[in-house]
Structure formats: C-alpha cells, structure tokens
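Take these sequences, add in the hints, and give me the full structure.
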Amino acid sequence: MLQRVSRGLPSLRRCGLRSASTVPTNQAQPGEEEAEVSATVKRIRSELAADKQKLKWRTPIGDRPEDWNSKLKLFSNAEQTSDFIVMMQKPIDLSPRSIRQWWENREERIERHMQQFVPERHKILGAELAAAHFILYRGGAVKFINDTHWRRASKDGEFNLPNKFDPRYKVEALRCDNMELYYEGLENLRCLDSLKFLSFHNVESFDDWCLDRISGGGFPNLEVLDLSGTQITTNGLACLYRFPKLKLLILNDPKETLELELATVMLEESMPALKIVGADAIHS
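First residue of the sequence shown? That's 1 in UniProt numbering, and the numbers climb one at a time after it.
Keep in mind that the hints were calculated from the coordinates and are not lab data.
Everything numeric in this text was worked out from a predicted model, so none of it was measured.
A few of these clues could be false.
To be verified - Result set (DSSO-like, lysine-lysine): computed pairs, CA atoms no more than 27 Å apart in a straight line:
1) K164 - K123
2) K275 - K245
3) K196 - K164
4) K143 - K164
5) K247 - K170
6) K42 - K143
7) K245 - K143
8) K143 - K123
9) K123 - K196
10) K275 - K247
11) K196 - K275
12) K42 - K52
13) K255 - K275
14) K245 - K255
15) K255 - K196
16) K155 - K170
17) K143 - K170
18) K155 - K143
19) K123 - K170
Structure (structure tokens):
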C-alpha cells in the first residue's frame, strides 16, 4: 500500500504544479503599476496645463468687443480691491479738486510700483552700484570711496556708471535730498558696508516706517544721518540703536516738543559718541 502511494506522489506533484500555474490572479506586476501611475500623472499634468493656458488668454469681462462699457471706465480700478468698493459706495464727485486728487493718487501708485526692489538688478550690479543707479536715476547724488566729487545725473537723466558689477565702486555717501522716495524704494538701499553719510533732507514721504527699514538695511559704518524736513517722530528714533557708529543726527528742531527733547537726551546718553543738532545749524 505504501509503495502504491509513494509511486503516485510524483504524478500528484506534477498535477498540483500545473493547476497552480493555471490559477488566474488579480495582482498587477510592479512595472505595470508604475506605468499606470505615470500615465495618470501625465494626463493630469496635461489637463492642468491646458486649463492654465485657457485662463491665461481669457479676456476679462468688460474688455471684450461685445460687452457694454460705461464712459466712466477710465476712473475704475482694474485690481478690484477694497479701495474700489469704498469708492463705489461714495457718490460720484467730478469736481476739479476730486479729479486732481484721483490723478495724484494714481501717479503715486505708479511711482511706488516703479521703485520696488528688483532682484535681477542687484544680481547684475551688486548692492553698491544698484543703490547708486537707483538714486542717480531719481535725481539724487552719490559719492564713492577715493572719489573727489559727487556724482549726479545730467539734465537728460544720464550718468556714467558701469552696467555690471565692479568691486572698485564702494558707496561712501548718498544724498536723497528733495527726492520723491517711498517706503517700497528704500529696499534698494541695502548692504552698503562703506556708507558713512546718508541724507533724506526734505523727503516729505519719509516717516517712522521708512526709518525702520533703513535702520535694518545693513549700514554698520554710518556716521552722519540727516532727517530734517521729514515726518520722523519720537517713535522712529528708537530704531537708531542699529547704527553703532552714528556720530551726527540732524533733525528739524530737537527741542520742538518736550517729548522730542527728552527722547534726544536719552538717545545721546545711550550713544555717547552721538550728537544731535537742529537743521538750522547745518543747512543755514
């Protein structure tokens, strides 16, 4: 009996292997799964690219030829911000004063946009020449180390400076007097390690927030700072501790108010090398 069972085992083994090989399975091979996933990802990416292309070339409502446009479209805001909503809630005022105010606000928005920081300019020119180009283009003056005179743009707005990085040019002094300079433009003045003189005389838009940005720009060797004719208050003077080598600070009148006088006295005590003077003693 045992001999018969032992003789039949090889045939059973062959049959079992044959039946196991013919059993269907639902598991996909690893290569097939990766192919399916890659195909799905490609399809989704192509659909997203097509949707972005449609949105990119979609004409805004009101700019199509078949859309109706009001004659007052010139005064609308394309950005559709909260200022536009507030304006629409107010009655229409077409007085000369209102139109002039609208035009001035529009010009200010354009100038703020034009003064924004451009990373590509700093990559090409470097921090020193980029700041010089920015100031000279807007009517300021720049003085470099080992240079005997101030550089200014001509009447046509032209000036002779390199158009790419040159390590020989190190800014020693900047005059931004009477410039139309905004908070957005101050970011272009950064990392000037050799700067010793900086003047914002009669820059009406210069306030405490602007001084805070300037103080964080990286001027470790600044010695003279002119803030006369600006909107600086006692709150802004607290930023000056970031100028460890500051020796001279020029204000409109350090004794204009009791609060300002106390702030200047405390500032001189905390910075022994600093001297604060009025604008009359300098610009007269």
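>> Taking the earlier hints as the rules, which of them does this structure contradict?
In response: Per hint list: single violation, 6.
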